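Build out the structure end to end from the sequences listed, making use of the hints.
Quick mapping for you: the protein sequence lines, in order, are chains H and F.
So for the first sequence, full-length UniProt numbering puts the first residue at 1; every next one is plus one.
So for the second sequence, full-length UniProt numbering puts the first residue at 1; every next one is plus one.
Any given hint might turn out to be false.
Calculated from the model, a selection of chain F residues having no Cβ within reach of chain H, i.e. all distances over 12 Å [to be verified]:
no., residue
1, V21
2, A33
3, E75
4, A188
5, S193
6, G202
7, L218
8, K243
9, A251
10, A274
11, V291
With a straight-line cut-off of 20 Å between C-alpha atoms, the simulated SDA-like cross-links for lysine to any residue are [what the hints assert, rightly or not]:
no., chain 1, residue 1, chain 2, residue 2
12, H, K310, F, Y69
13, H, K310, F, D120
14, H, K310, F, H306
15, H, K310, F, F68
16, H, K310, F, V115
17, H, K217, H, E137
18, H, K217, H, A309
19, F, K173, F, H306
20, F, K147, F, K173
21, H, K310, F, P67
Calculated from the structure, these hints are not laboratory results.
As the structure is a prediction and not an experimental result, all values here were calculated from the model.
Where is the CB? At the ideal position from N, CA and C, for every residue including glycine.
Below are the chains, spelled out letter by letter.
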Amino acid sequence: MAYLDHAATTPMLPVAVAAMTEALSTLGNASSLHTSGRRARRAVEEAREDLADALGARPSEVIFTAGGTESDNLAVKGIYWARERPRVLSSTVEHHAVLDAVEWLGGTGAQVGWLDADESGRITPQRLAEAIGSAPEEVALATVMWANNEVGTVNEVRELAEVAAAHGVPLHTDAVQAVGSVPVSFAESGAAALTLSAHKLGGPYGVGALLLRRDVKCTPLLHGGGQERDVRSGTLNVPAVIGMAAAVRASVSEDKAHIAALREDLVAAVRHAVPDAVYNGDPVHRLPGNAHFTFPGCEGDSLLMLLDAKGIECSTGSACTAGVAQPSHVLLAMGVDAATARGSLRFSLGHNSTAQDVAELAAAIGPAVERARNAGLAGMRRRTSSSVRV
Amino acid sequence: MRVLAAMSGGVDSAVAAARAVAAGHEVVGVHLALSAKPGTLRTGARGCCTVEDAHDARRAADVLGIPFYVWDFAERFTEEVIEDFVAEYAAGRTPNPCLRCNEKIKFEALLDKAVALGFDAVCTGHYAQLSVVDGRPELRRSVDEGKDQSYVLASLTSDQLRHAMFPLGDTVKEQVRAEAEQRGLSVADKPDSHDICFIPDGDTRGFLSDRLGERDGLLVDDETGAVLGRHTGVHGFTVGQRKGLGIDAPAGDGRPRYVLALEPVSGTVRVGAAEKLAVTGITATHPVVPVMWHGPVECVAQVRAHGGTAPAVAELIGDEVLVSLREPLRGVAPGQAVVLYRPDQAGDLVLGSATIATTR
Chain H
1 MAYLDHAATT PMLPVAVAAM TEALSTLGNA SSLHTSGRRA RRAVEEARED
51 LADALGARPS EVIFTAGGTE SDNLAVKGIY WARERPRVLS STVEHHAVLD
101 AVEWLGGTGA QVGWLDADES GRITPQRLAE AIGSAPEEVA LATVMWANNE
151 VGTVNEVREL AEVAAAHGVP LHTDAVQAVG SVPVSFAESG AAALTLSAHK
201 LGGPYGVGAL LLRRDVKCTP LLHGGGQERD VRSGTLNVPA VIGMAAAVRA
251 SVSEDKAHIA ALREDLVAAV RHAVPDAVYN GDPVHRLPGN AHFTFPGCEG
301 DSLLMLLDAK GIECSTGSAC TAGVAQPSHV LLAMGVDAAT ARGSLRFSLG
351 HNSTAQDVAE LAAAIGPAVE RARNAGLAGM RRRTSSSVRV
Chain F
1 MRVLAAMSGG VDSAVAAARA VAAGHEVVGV HLALSAKPGT LRTGARGCCT
51 VEDAHDARRA ADVLGIPFYV WDFAERFTEE VIEDFVAEYA AGRTPNPCLR
101 CNEKIKFEAL LDKAVALGFD AVCTGHYAQL SVVDGRPELR RSVDEGKDQS
151 YVLASLTSDQ LRHAMFPLGD TVKEQVRAEA EQRGLSVADK PDSHDICFIP
201 DGDTRGFLSD RLGERDGLLV DDETGAVLGR HTGVHGFTVG QRKGLGIDAP
251 AGDGRPRYVL ALEPVSGTVR VGAAEKLAVT GITATHPVVP VMWHGPVECV
301 AQVRAHGGTA PAVAELIGDE VLVSLREPLR GVAPGQAVVL YRPDQAGDLV
351 LGSATIATTR
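Below, the structure written as structure tokens:
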């Protein structure tokens with residue numbers, strides 16, 4: 001059994017489980033005014049301070065949400081609505097939580113400017129500057145992810161934010177894959193808003209945060225009790241917030257060198273077994289746990305099934321509701337053709353990955369690729385109907 | 001054996017997969033995504049390729065405790081089934097897309113992939129009996145004659161049948177539903193699918209008009225040659241059709257009129273009296289003959305998916321099958337398959353299948 005899909009979700013850290021478990025049996029609505037309420041509120045505020053401290057933010061900049069998708073939607077739609085300017089700039093390789101929110105805004109009348117990625121999946125500051133162009137006052141916001149969830153490429157968010165700030169444009173960055181994997185400081189980044197999700201870094205499911213600078217106006221998606229600076233109403237999920245803060249604190253302080261070293265072993269093993277495998281993304285500026293390959297002549301779903309049968313769990317790209325593997329929009333944006341893009345797999349390592357995981361993949365990947373190639377060829381074959389068939 | 005169970009999300013394929021598991025095979029469930037945009041296909045329980053159906057298939061696999069995947073065959077399905085369907089209608093023929101899907105998708109594209117990935121067989125919930133005698137596969141009608149699907153499987157070759165598994169052929173539908181209930185499969189009560197899965201609203205004529213546009217032509221009395229009306233495309237008609245001809249005036253003799261023939265080049269639809277639909281001879285092409293037979297063979301011919309059977313003599317001459325019907329059949333449409341059976345106590349045996357080209 002080798003779990004190589006930590007970018008999808010990673011096991012909860014024991015410290016987060018302990019903190020959350022304790023909170024689960026503690027009564028209190030953080031909005032209540034009595035003793036139990038005050039106790040819950042205190043726990044939430046301590047979690048907020050911990051999380052802010054770990055990520056270079058001020059506590060008042062932390063807005064708790066129900067996860068990465070909500071944070072992305074809140075930032076993209078909320079800032080666009082609040083700033084009342086016609087243009088939204090977005091990279092083409094964003095997670096669907098950003099991409100689809102931007103496209104939805106486009107459908108309501110926003111002018112969408114797409115920022116093309118280079119062949120490693122990176123968005124350059126030059127590209128952002130060009131897109132802002134001569135009419136920065138028309139731009140409501142720009143959104144560029146910190147690190148790509150598929151190919152693992154890490155952007156220079158500080159440089160991007162500098163370009164944006166020079167033109168008075170707020171930059172939102174989806175840092176769901178980055179927080180807990182690479183150093184992230186909200187203040188130093190210069191971003192106006194930053195998305196994070198707990199379950200990607202060893203916290204619980206269904207909770208996340210938007211770090212939002214105090215000077216950035218954001219219209220709420222959810223109206224109600226006015227919690228979270230009136231930007232995100234709803235009773236706070238106290239145990240989840242506490243679990244998330246514990247996980248963030250633990251994950252940012254952990255050295256990632258061992259994960260990067262394991263990743264290098266994995267890459268070497270795959271290349272040894274499959275010499276024509278293409279290693280996608282940026283070889284240097286990438287997430288420590290990410291290894292993303294294209295296997296020419298294979299379909300990713302065949303490979304995934306064959307590896308799954310051997311107890312090796314990985315991903316063909318970002319999961320989709322119907323479970324259908326579509327060619328990755330990230331690879332297409334990087335210039336890969338659709339047929340090649342279908343033959344891709346993402347292996348992602350995390351805090352409890354071991355050399356044994358890599359060894360299991362090393363043993364299985366060669367035969368799996370060989371078999372998937374035969375299936376790929378079989379899939380191309382079309383029988384011509386001869387005159388009489390038996 | 002390693003068995004790949006094609007799971008549509010319906011009760012039949014779920015029970016078929018369950019039986020493969022119970023027989024001790026190593027089973028993996030696969031749902032075929034046949035539409036590039038699942039949401040655009042029909043919703044509810046009538047189709048076989050909606051997001052809901054994928055969910056139902058997944059839940060059945062959960063109950064059976066087998067791995068489950070969704071495989072994307074949308075492109076291949078569009079090319080091989082939908083485009084063929086449209087082209088056949090445009091050519092004045094009446095295709096059977098389910099037959100085509102079995103031949104080209106389930107037992108070609110899927111089977112080829114399954115075999116290459118190390119599977120021994122593809123298992124489906126079709127109602128037909130399959131056995132192997134002296135190394136040769138024999139396909140027979142289901143014991144449930146009302147549900148029998150041997151007609152839409154008869155164009156499979158021996159090689160395809162060798163890798164096929166139809167565990168429901170010996171069971172009637174009510175028993176399959178009861179078995180689903182016993183096994184805790186939530187699809188036990190799910191209604192049967194009907195019609196054509198890629199035409200959500202059942203409006204075949206509208207579907208074809210969207211793709212083929214309007215191709216005006218005349219409705220002509222076959223006997224007198226009189227022009228009875230105009231139409232917007234031969235693809236809106238099928239031989240044997242009575243309703244929706246759009247003729248205002250009744251026939252001189254007051255009897256209903258039927259489509260007798262379609263002439264796609266001139267755009268002419270010939271109509272006439274019911275007795276003129278009667279066919280006693282069929283020439284069919286692209287034969288598949290899994291059971292060898294020489295010279296004229298006594299058999300029963302079936303000319304459409306449900307009903308339409310008659311005793312016949314068939315002969316394979318070159319690459320054509322000539323069928324002489326001992327009793328006339330009505331509504332024999334070019335493009336449909338003629339399937340030849342040898343009557344048998346154990347279930348009529350499929351002798352062969354071919355595509356109807358001309359009738360007389």
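Here is what the structure says about each hint:
{"no.": "1", "hint": "V21", "verdict": "holds, 16 Å"}
{"no.": "2", "hint": "A33", "verdict": "violated, 5 Å"}
{"no.": "3", "hint": "E75", "verdict": "violated, 10 Å"}
{"no.": "4", "hint": "A188", "verdict": "holds, 23 Å"}
{"no.": "5", "hint": "S193", "verdict": "holds, 18 Å"}
{"no.": "6", "hint": "G202", "verdict": "holds, 23 Å"}
{"no.": "7", "hint": "L218", "verdict": "holds, 34 Å"}
{"no.": "8", "hint": "K243", "verdict": "holds, 34 Å"}
{"no.": "9", "hint": "A251", "verdict": "holds, 41 Å"}
{"no.": "10", "hint": "A274", "verdict": "holds, 35 Å"}
{"no.": "11", "hint": "V291", "verdict": "violated, 9 Å"}
{"no.": "12", "hint": "H:K310 / F:Y69", "verdict": "holds, 15 Å"}
{"no.": "13", "hint": "H:K310 / F:D120", "verdict": "holds, 18 Å"}
{"no.": "14", "hint": "H:K310 / F:H306", "verdict": "violated, 45 Å"}
{"no.": "15", "hint": "H:K310 / F:F68", "verdict": "holds, 15 Å"}
{"no.": "16", "hint": "H:K310 / F:V115", "verdict": "holds, 18 Å"}
{"no.": "17", "hint": "H:K217 / H:E137", "verdict": "holds, 16 Å"}
{"no.": "18", "hint": "H:K217 / H:A309", "verdict": "violated, 50 Å"}
{"no.": "19", "hint": "F:K173 / F:H306", "verdict": "holds, 16 Å"}
{"no.": "20", "hint": "F:K147 / F:K173", "verdict": "holds, 7 Å"}
{"no.": "21", "hint": "H:K310 / F:P67", "verdict": "holds, 12 Å"}
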